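Student: Sequences listed follow chains S and F, in order.
Take 2 as the starting number for the first sequence in our numbering and just add one per residue.
Take 202 as the starting number for the second sequence in our numbering and just add one per residue.
Just so you know, the hints here were simulated from the structure itself, not pulled from any lab data.
Nothing here was measured: the structure is a model prediction, and the numbers come from that model.
The reader is advised that the hints may include incorrect statements.
Derived pair list, reagent style EDC-like, types lysine to aspartate or glutamate, alpha-carbon separation capped at 20 angstroms [claimed, not checked]: (1) LYS66(S) x GLU213(F); (2) LYS66(S) x ASP289(F); (3) LYS349(F) x ASP246(F); (4) LYS381(F) x ASP289(F); (5) LYS216(F) x ASP91(S); (6) LYS344(S) x GLU205(F).
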Amino acid sequence: MSQSSQLWANPVWTNLDQIFVLLQHWVEGFFPVWLQPAVGTVLGVIAIVAAFPGIFALTTVLERKGLGRMQNRLGPNRVGPFGILQPVADGIKSLTKEDIVPLTADGVVHFLAPVVLVIAVFLGFAVLPVGRNMVLTNLDAGLLFFFAIGASTELSVFMAGWSSRNKYSLLGAMRAVAQMISYEVPLLLSSVVAVMITGSLSTVKIVEAQSGFTGIFPHWYVFTPWGFAGFVLFVIAALAETNRSPFDLPEGESELVAGYFTEYSGFKFALFFLGEYLGMFSIAGFAITLFLGGWGAPLSVLEIIPSWAWFFAKLLCAIFFFIWLRGTLPRLRQDQLMNFAWKFMLPMSLLNLLVAGAWRFLGDGWLRWIVCSAVLLLAYGLLGRVLMRHQRLGARSYRYAD
Amino acid sequence: MLGEGILKGLGETAKNFAGSFVSKERLTTVQYPEERVAPIENTRDFPFLVYDGDDKMAGLRCVACQICEKECPPKCIYIVKSTDKKPDYVGKPQIYPARFDIDISVCMSCQICVEVCPFEAIKMDTEFELSTTDRFGGLLFDRDHLSKSNEHYHKIHPTEASEVDARLAEEKAKAEAKAKAAAEAAAAKAAAAATAPTAKPVPAKEPGA
Numbered sequence: 002m003s004q005s006s007q008l009w010a011n012p013v014w015t016n017l018d019q020i021f022v023l024l025q026h027w028v029e030g031f032f033p034v035w036l037q038p039a040v041g042t043v044l045g046v047i048a049i050v051a052a053f054p055g056i057f058a059l060t061t062v063l064e065r066k067g068l069g070r071m072q073n074r075l076g077p078n079r080v081g082p083f084g085i086l087q088p089v090a091d092g093i094k095s096l097t098k099e100d101i102v103p104l105t106a107d108g109v110v111h112f113l114a115p116v117v118l119v120i121a122v123f124l125g126f127a128v129l130p131v132g133r134n135m136v137l138t139n140l141d142a143g144l145l146f147f148f149a150i151g152a153s154t155e156l157s158v159f160m161a162g163w164s165s166r167n168k169y170s171l172l173g174a175m176r177a178v179a180q181m182i183s184y185e186v187p188l189l190l191s192s193v194v195a196v197m198i199t200g201s202l203s204t205v206k207i208v209e210a211q212s213g214f215t216g217i218f219p220h221w222y223v224f225t226p227w228g229f230a231g232f233v234l235f236v237i238a239a240l241a242e243t244n245r246s247p248f249d250l251p252e253g254e255s256e257l258v259a260g261y262f263t264e265y266s267g268f269k270f271a272l273f274f275l276g277e278y279l280g281m282f283s284i285a286g287f288a289i290t291l292f293l294g295g296w297g298a299p300l301s302v303l304e305i306i307p308s309w310a311w312f313f314a315k316l317l318c319a320i321f322f323f324i325w326l327r328g329t330l331p332r333l334r335q336d337q338l339m340n341f342a343w344k345f346m347l348p349m350s351l352l353n354l355l356v357a358g359a360w361r362f363l364g365d366g367w368l369r370w371i372v373c374s375a376v377l378l379l380a381y382g383l384l385g386r387v388l389m390r391h392q393r394l395g396a397r398s399y400r401y402a403d
Numbered sequence: 202m203l204g205e206g207i208l209k210g211l212g213e214t215a216k217n218f219a220g221s222f223v224s225k226e227r228l229t230t231v232q233y234p235e236e237r238v239a240p241i242e243n244t245r246d247f248p249f250l251v252y253d254g255d256d257k258m259a260g261l262r263c264v265a266c267q268i269c270e271k272e273c274p275p276k277c278i279y280i281v282k283s284t285d286k287k288p289d290y291v292g293k294p295q296i297y298p299a300r301f302d303i304d305i306s307v308c309m310s311c312q313i314c315v316e317v318c319p320f321e322a323i324k325m326d327t328e329f330e331l332s333t334t335d336r337f338g339g340l341l342f343d344r345d346h347l348s349k350s351n352e353h354y355h356k357i358h359p360t361e362a363s364e365v366d367a368r369l370a371e372e373k374a375k376a377e378a379k380a381k382a383a384a385e386a387a388a389a390k391a392a393a394a395a396t397a398p399t400a401k402p403v404p405a406k407e408p409g410a
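For reference, chain S alone in the conformation it holds in the complex:
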């Protein structure tokens, strides 16, 4: 802590760490006092609306390049140096494309679905702390707000599927809703452990609770048995929640064309695309907030780097991990998806709640480390064995087709 206080005494570092906050206050200074809170909020909204779609543009090209590298290709390299201007070309293309609404579609709902998705996803960023003192609104129930808003993306998905009046759209939407509702349960339960230990639903408080250091190592929740298990469960559920590979069944090309956005083209399609990626960023941001110490530095000596830089660095790492998984794993089958949610994720996250409780009441010392780790590992091993036992891996046998 002594190092932090030294840093706080250094005005250059303080200004760098708080540069965006200072910028906000400086702009606010041009307005009358009664208008200042509103101006500050608008500035924060502008920053969020500019920053995250910017990361989205960067992600689209990095994802394509990364996936290409994993398949021993170069990826896009035509537009601009090394293809970095590809998102500009993509944006112009989607803006100039014809916007087709099917004749029998429900026009109003068809139009509203992507709008609702993007709005809901943007609202989630309101409670995400992206740096020290950098959160749009510090709600007491921030986490609850995020999950409530996140659940409304299901509505937009179903609006899209239903209003298109297309069997592929509807089937895709049904799959998406079934999947999102199933994984919402373990997603919530796995994040509850962080709330239990912190004793607050406020995202800012959760980050602050992890901001200390023992020696040079940080107090991130992921470095505890229950935190590690919670983090892994949260990431798996987050992948399913955002329809990312390997849980991208709702848009399985081979059977559903493009799932619920089959009938979308032009900029509405781009909005869906944007909404999906922003959803991924916000849920990755919450995984960072809950388990990876938010904007905290990974080692006390690295605290010299501003807090917001740490948050975005962690976010980019999380995005890379998602891309890496997409390049590795094949798509699951619907029954595998559901089995995994209800037979593995749910029992594990429930058990993790008990483990977190035990951790809290076993007191300091090595005993709680052993007990909690042993319980979780044992449960993981047993569940894995039970789940694997029923799988008859091998040549497929056909009852009638032989």
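Starting from the known structure of chain S, fit chain F onto it as the hints suggest.
Tutor: Using the frame of chain S, we list chain F on its own:
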């Protein structure tokens, strides 16, 4: 153990990701407009007309028999016969196509025209950079556009072209031998006819005598 396979898979993709930056041999794709891979010999896309020699029109093998036009499944060939004749490769006077159009926007590259052609006149090309800004006129190839030399054919399909050349040479030799035999027979006949009048007048004279 549950999840072992996932870790193994992640390791594999990580190896590929890192490896693609290190070794160029890993990269399996070719940067197309700058780099090109020579097409394999059996490549085919759209038909072209073969001509021998230097003159496109004089050396055209097609005799406008219209078999390909009739056999074409999507009906993309349009032929107009000429009213006059020109000599073919063996020297026999033949009709030639006054018009020969192929609409490659309709053509399905089935090669049936090539298989039915008795004159080895139509073959499959390998040219694939055919994009155009005019989707009607730009994709309707006329006789002049379709005619390509036998050397071009040798270049794109060497084995097949040599076989065709051997077959044509054989036929030509046969035709020449036949012509020679016919000429000889004609000469013999003529000679016989020439000798006959000398013999004939003798008996002819006899009655008069």
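Student: Now look at each hint and say whether the structure bears it out.
Tutor: Taking the hints in turn, this is what the structure says about them:
Our distance criterion of 20 angstroms between C-alpha atoms is met by LYS66(S) and GLU213(F), whose separation comes to about 17 angstroms. Proximity of LYS66(S) to ASP289(F) is assessed by CA-CA distance (about 57 angstroms); at most 20 angstroms being required, the pair is judged violated. Distance hint between LYS349(F) and ASP246(F) is fulfilled; the C-alpha atoms sit about 15 angstroms from each other, no more than 20 angstroms. At roughly 18 angstroms between alpha-carbon atoms, LYS381(F) and ASP289(F) fall within 20 angstroms of each other, so this suggested pair holds.
Proximity of LYS216(F) to ASP91(S) is assessed by CA-CA distance (about 30 angstroms); at most 20 angstroms being required, the pair is judged violated. Between LYS344(S) and GLU205(F), the direct Cα distance comes to roughly 19 angstroms. Compliance with the 20 angstroms bound is thereby established for this hinted pair.
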